[in-house]
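Visitor: Required output: the full structure, derived from the provided sequences and hints.
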Amino acid sequence: MTRKDYEQKIYTVSELTREIKDLLEEEFPLVWLEGEISNFRVPPSGHYYFSLKDANSQIRVVFFKSSQGSLSFLPEDGLQVLCQGRLSVYAGRGEYQIILERMELKGWGALQLAFEKLKQRLLDEGLFDEARKKPIPELPRTVAVVTSPSGAAIRDFLRVLYRRFHNIQVFIFPVLVQGETASLEIAQALSMLNRSSLGLEVIVLTRGGGSIEDLWAFNEERVARAIAASAIPVISAIGHEVDFTIADFVADLRASTPSAAAELLIRPQAEWEEKIEDLENRLAYRLKQALRFRWEKLHYFQRRLGDPRRRLADLALRLDDHSERLRRGLVIHLRNQTDGLRWVRERILGLNPLVQVRTNQSHLELTTTRLNHLMAQRISKLGMGLQTQGKALQVLSPWNVLERGYALTQTLPGLKLVKDAEAVQPGQAIRVILARGEMDCRVEKTRKKEELDFVKGTI
Amino acid sequence: MSKERFEEAFKKLEAIVNKMEGGDLSLDESLKLFEEGMRLSKLCSQKLTEVQKKVELLIKSEDGSLKTQPFPLDEEEE
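Chains as they are written, first to last, in this note's numbering: chain A, 1 to 459; chain B, 460 to 537.
These are calculated hints, taken from the structure and not from any lab test. Computed from a predicted structure; not experimentally measured. No residue lacks a Cβ here, since even glycine has one placed at the ideal position from N, Cα and C. Careful: at least some of the hints might be erroneous.
As the list claims (entries may be wrong) - Capping the alpha-carbon separation at 27 angstroms, the derived lysine-lysine pairs in DSSO-like fashion look like this:
#	chain 1	residue 1	chain 2	residue 2
1	B	Lys-513	A	Lys-134
2	B	Lys-513	A	Lys-419
3	B	Lys-471	A	Lys-134
4	B	Lys-471	A	Lys-275
5	B	Lys-519	A	Lys-275
6	A	Lys-275	B	Lys-470
7	A	Lys-288	B	Lys-513
Unchecked claim - Covered stretches of chain A, as calculated for chain B (at least 3 residues, CB under 8 angstroms):
#	region
8	134 to 148
9	161 to 171
10	191 to 198
11	284 to 294
Unchecked claim - Estimated spans, in silico, between C-beta atoms of each pair:
#	chain 1	residue 1	chain 2	residue 2	range
12	A	His-322	B	Glu-480	38 to 48 angstroms
13	B	Lys-519	A	Asn-281	48 to 58 angstroms
14	B	Leu-484	A	Ser-323	50 to 60 angstroms
15	A	Lys-134	B	Glu-480	27 to 37 angstroms
16	B	Leu-484	A	Leu-184	52 to 62 angstroms
17	B	Leu-484	A	Pro-149	22 to 32 angstroms
18	B	Arg-498	A	Arg-132	28 to 38 angstroms
19	B	Lys-526	A	Phe-73	37 to 47 angstroms
20	A	Arg-195	B	Arg-498	27 to 37 angstroms
Guide: The following block contains the structure:
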């Protein structure tokens, strides 16, 4: 918005107040303020109302009862104080004021600033980094406590610790926890414990509640450095819940009170025992399950495989069954075959060759008789014909011709009938067959037919 | 007593239980893991009571070493 806008706009009182409130509260969220207390008053509500003033100005201040817990002195008019608070506009009265969160006497205010500066420096240096924090052993057996041996802190710590866990050793390193030398003693204690041969697993740095002044040793740099340098994990438990010291920021673990430190240090013994028992049970359960799974698998396979005895019994039954069926089959088959045989036999009997032979024999006899008869007829007929033929043949027989003086000439030894003189050679042996006997002769001379055309006529 | 630290033994035991609960193990592996798990479990139980309760005050001696002396406890508080 420009100045011009402001001039042109007409605000209601509430609007303007709201804008002023927003502007102021945003611009001064948390401020450190130094001044003198004046007009201090406490109404029945318990809240503190006063003004802070210097030579020229004053500002209204409210310190609510709920914030007064950290206050280490009773305010009164005229005290120089250092305050921290938020600027707030109270619209109902058109007033602005500081709502305080803490207030220190002026000397302590300077320390507070130093605290903030150291905190910032160590933060920038990385001393508070989570990555630097060493893990606390889950079951530390040997613990050192750096504290006042006469304070309530160590009593609280031990009481809670041994209520939770019995088997643990505690070494108390006595130190002053407030005063000029406290921070030096604490730093030395930390470094000595780190060099000791006690086998320490954790160091607890603790003291009970007190004013910020009382706790100041734990805000000193040498303590912070000693904690950071410790190879043994450090648990801090300083003051009450609301108190935060530099030591708390550097420590590997911060407990709000000494009792809380004991609780963070170790789990109750019973819890450990339960945990171990639970793991054991789960282990045993899994093994049982693995075994049961195998058994079931085995049984399954056994079922699938079948009992060999049952299988044998099955086979025996099947064998019996098949044998019986085979036997029955054979009987039926045999009966069938017997029937067939009987039929064939009857047929064969029907075809008895004796019967046939007998039948055929009578037929043969009949036929033979007829044949004989016919043969006799035929023979006698042929006989008669033969006689006639014989007579005729006799007439034509060469023997008859030979009777009449003719001769047959055969070559020797060929016995070929010689019909031509040229078929023989002079000197050749010939046989001449006569009507009665024969003569073996030798050819003297041959003459061709031409030389004898008369001969036939002559004879 | 075994040198094995409680924390390591306990972590191993947890890992073994997780592995067994993951399944897919041969029977042989299961048995081996079970045996190892039971051993670790016994070890952890032993470790819990391995150390006896003791509270001592450390005293700086002149040579800079630390000596111990028993620290009186308020027995009625326990």
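Visitor: Which earlier hints turn out false for this structure, listed by number in ascending order?
Guide: 2, 5, 7, 12 and 17
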